[in-house]
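Chains as they are written, first to last, in our numbering: chain A, 1 to 334; chain B, 1001 to 1336; chain C, 2001 to 2524.
No lab work stands behind these hints, which were simulated from the structure alone. Even for Gly, the Cβ is constructed at its ideal location relative to N, Cα and C. Some hints here could point you the wrong way.
[Said to hold, decoys possible] Far from chain B, by Cβ distances over 12 Å, these chain C residues were calculated:
1. G2033
2. D2067
3. E2090
4. E2108
5. R2111
6. P2354
[Stated by the list, open to error] With a Cα cut of at most 20 Å, we get these calculated SDA-like pairs of lysine to any residue:
7. C:K2348 <-> A:A218
8. B:K1153 <-> A:A218
9. A:K163 <-> B:V1254
10. C:K2348 <-> A:G301
[As the list claims (entries may be wrong)] Covered by chain A, according to a simulated footprint, are these stretches of chain B (three or more residues, beta-carbon under 8 Å):
11. 1062-1074
12. 1213-1219
13. 1231-1240
14. 1312-1321
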Amino acid sequence: MAKLDPATAPVARRFVLPERLRNVGQSYSGLAALLLIILYDILFRPHFLQVQSLYNDLQEVAPIAIIATGMTLVIATGGIDLSVGSLMAFAGALAPIIFLSPLLSNNPLLGNTLALIIPLLATSLLGLFNGFLITRFRIQPIIATLVLFIAGRGLALVLSNDKLQDFHNPSFQFIGQGAVLGIPFQVILMLIIVAVFAVIVRITTFGRYVLATGGNEAAARLAGIPVNRVKLAVYTISAMLAALAGFVIISINSSSDATRVGLNGELDAIAAVAVGGTPLTGGQANVTGTLIGALIIYLIGATLISQNVSFGVAQMIKAAIILLAVYLQRQRKG
Amino acid sequence: MADISTMKASRSSRLASGWTRSKSILQRQGALIALIVLVLFGALRYDNFFSTYNFLTVISYNTTFGLIALGMTFVILTGGIDLSVGSLAALCSVVAALASPYGLLAAIGAAALAGLIVGLFNGWIIAWLRIPPFLATLAMLLAARGMALVLAKDATVSVNATPDWAALSQGILYGIPLPVFLILVYAIGSFVLNFTRFGRHVLAVGGDEEAARLMGLPVERIKLGVYAISGVLAGLAGVLLAGQTFTGSPNEGVGWELTAIAAVVVGGTLLTGGMGSVWGSLAGALLLGLVFNILNFENGFGFISLGVSWQSVIRGAFLLIVVLLQSRLVRTKKVR
Amino acid sequence: MTQTSPLLRMEHISKAFPGVIALVYAHLSVNPGEVHALVGQNGAGKSTLIKILTGAYRRDSGTILFDGRTVDFQSPQQAQNNGISTIYQEINLVPFRSVAENVFMAREPRRWGFIDWRKMRTETATLLERLSVSIDVTQPLMNYNIAIQQMVAIARAISFESKLVVMDEPTSSLNEREVETLFTIIRQLKADGVSVIFVGHRLDELYAICDRVTIMRDGRTVDVCEMKGLPKVELVAKMLGKELSEVRQHGQTSFTVGQHHVEQNVLLEARELRRGRVLQGASVDVHAGEIVGLAGLLGSGRSEVARAVFGADPVEDGEVRVEGKRAHFHSPADAIHAGIGFCPEDRKMDGIIPYLSVRENLTLAALPTLARNGIVSREKQQEIVDQFIRRLDIKTAGPEQKIRELSGGNQQKVLLARWLCLNPRLLILDEPTRGIDVGAKAEIQALIEELAERGLGVLMISSELEELLEGSDRVVVLRDGRTVASLEREEISLNAVMAAMAHGNGNDHLETAKKEEEVQHGEA
């Protein structure tokens, strides 16, 4: 075959943005959208800029942003995790059981510590289970995580005996209700998590392995990358972050309702990732973009409601935005 | 030159086909076998297993579900999934209630039409805009519920009760008992799947989409068709829903799609599509319903106390087992 | 020679894709009731030509005359409806569906609007009878082995009353007996007046079943010959574009001939590798400082040997030794650990991570060594990347440029650097200069040589014979998955290699060629 080499001439020198800036740039459209929404809110939403209201907004977004970070990693490997919402309910049901248990009533420190660690471990095991189905049995991620999508919430209900768990545990609830230097703790948690994972993706071996696995799995394998271990890791991380998000939610509400915690969480997370500019086909991970995406989606909903648009219509608009974001994503990648 | 007169499948492939055949029979009729076993179990163990009350409870629950499971079967057979059916049923129950002043027939028509429109929309964005079915129908889940809330003005809509509606709440639709109606619908579904070109093409698309395309099948139109079917059946389910409680409620139907998926998969349809059975889904739906029915009885006995919450766990466990079993079979299906 | 007008005449067919010219005035002509072979190496253009014929691609220019009419098919279905069927290598039927359904897919017979199962069954059975196949047509296709599946595909083709059946590598998954059965069917088709285009590369098969052969190379039709009377070596020569009597010309590549110091210690010993039909006893050795060329026709198993040695694919039998010790590579990571690097044949599919930068791609395999506590040291990365960009003269806007934007040659350099920065002992290169401009090609060839000088062992696969002949200290020839010749430096010659490819034993090639010609003439 007579081939024309597309670049026999030397490649023109041009300035190439470092990856970090490029990521943000990729979501510059996202950033612009976010700024527009914020502008609109400043103008038309009463009390928007008041500290209390801002904090409220951020508090609502935090759990979503947390699970969306995990979702970003999973999607970056070319997979998807539908179980995050249910896993949130699972962890959120398990924690009160532990710190409310009569065994630990005398030792609140131990109780709270165990209530953090055990659900975290248990949920991580469930995430490992997801990864196992995908790597060992080669089941498609959608189907594999569908199992816990269905059963996870059920497990939570079983654990909590179908009962709403009310509690008052200020130490544990610090996660959701505490504040450091005036900033709500879960917002700090969210920012830390986003920052940590953004850094992990950018400068650690693991982070680069995640991108390589999603970018070209065959090539990654040939380059000696332990693709299966990478996948197991991202699903475990996703589950861990879901547990944290679950803690936040039950702490805010001072109760754990296994039927409500994390409901539609996976859709919110996927939407945040899509709107935030990470391609759903894998190979790239824009963690900060996901945060922006989560903010955009949340603010749109909040703005609509503040403008007295009914909840139903707000849902419809949210659905339309998600579809649009996914559609545009596919156009861009192609 | 080798002498070949008749070429029969070689012995090893005949053995293989024997094993595959029995495996696939087990897979297809497994639900039916389990169903029969459970019915016998229940009849022997519980006194009022066959009582009218129990029957009615089981039946009305199952007819609504059965309709949804049938639609889900067609969708899953093409390798897709429809997560919007629960919300769609709720939406259509509201539509039915709103249309009820014009009679039950009008309500049925309106609900079916609403379901059809939403189903067509689903099919369009999935087949032509190429948005993954999971995402598309998950978004539609939100949108449909939102629409239901809007139509019901954030409340519920009462049904304009006529004798027809009253009969419906007792399990009779224009003189036909609901179970008979369900079997009729399933018979139509099975007939379509087995005796129409459309039905066979649904199976082909799910089996190997690329090959189907290369063989000249109108893949997009087939996909549009199955989502439309799912939508219409969800619409009918919505009518039944409204009939049960005389209200159209936007808050019903939560989680129905998951039960439907479990029923379809347990009934022997591959979650990745291409192979399955309509009657199997009915068996799967009845089986799941029966399992919970029996659990209730056992609860009454006090031997075990499994709450409602176990339902999802059991569904999930069923799904897991079936998916693991199917993962062997799916290996033969080409993944491009 | 028959005087009947051809059934098919494709003339002056040209086709270009962005950046690549696939066909240049190619032509193909098939007579009625003829079995016509279409051969050519990778990139010769034969699959493009077939796709144009069957309507999967549109041609840029040229005419196609079929059955007396000018045709211009827009889709494979249209071609099928007009008498041209294709049997694909991957079958492309639906495995879950029954045999009968597959044969009649999209045209299922109906009665009163509903599917007539009985008619479908009986007609399918009849069709298969014509092919001497008698099976239960209600069984799912996947219950049957690939040979029968192929028969079903052929039955489908016949049911369209095709006049021309294109078979794309139909024997690649068949055993000898099944191949014989297929050939019987092809002869039957021929007797029924149906023509067959047989795209294949196994010489013995082509000679057994085909009447004429069209040879393609570099997008052109090079020659059209009668199979009878064409010596195998001549066919191979035409495929590769060589003259039989061509004297070895020095200096066609950047390899300096005969200059390497080959050391005694054996780096790699691969013995009798077997896997299915693809590897049937392949063996190759590489010493330190030695460049071993792995030669063979398309489909002879060269890439499969490379991947098997590297641990990328499993083997059913055979052993691999590294520096004398038995090695069990379960994954590429094991091979890399043992000091082996591998540049795959297909850069796009197996090599580059497209959206990652040059820097990322270059250091991908070396990341563990560049990282401390899991954190990649940016400085060390930069150092290595700069070093190799300079050393290999990689033309890029900067290390941060996305690798997919680089030209093929520069991408290849980055991939080479990926392994070089690990200081491997053995480098396996699968078509290292394919799709690369002349300048970059020379650079890479010189580089390979320099590496060998430094003691690196190189196993090189190349379809460009000059490269192999001039660059190798030793040439191992594969044929149908088996090593058939190992030529030491003095024995390396174009004729020797081609003869080995053609017949299987390179050393007495002239004798065999003469014998073969006698046989062929005897049959006339």
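Tested hints:
| no. | hint | in the structure |
| --- | --- | --- |
| 1 | G2033 | holds (20 Å) |
| 2 | D2067 | holds (21 Å) |
| 3 | E2090 | violated (8 Å) |
| 4 | E2108 | violated (5 Å) |
| 5 | R2111 | violated (10 Å) |
| 6 | P2354 | holds (19 Å) |
| 7 | C:K2348 <-> A:A218 | holds (10 Å) |
| 8 | B:K1153 <-> A:A218 | violated (53 Å) |
| 9 | A:K163 <-> B:V1254 | holds (18 Å) |
| 10 | C:K2348 <-> A:G301 | violated (42 Å) |
| 11 | 1062-1074 | violated (count 0) |
| 12 | 1213-1219 | violated (count 0) |
| 13 | 1231-1240 | violated (count 0) |
| 14 | 1312-1321 | holds (count 8) |
Of the hints listed earlier, those the structure fails to meet are numbers 3, 4, 5, 8, 10, 11, 12 and 13, in rising order.
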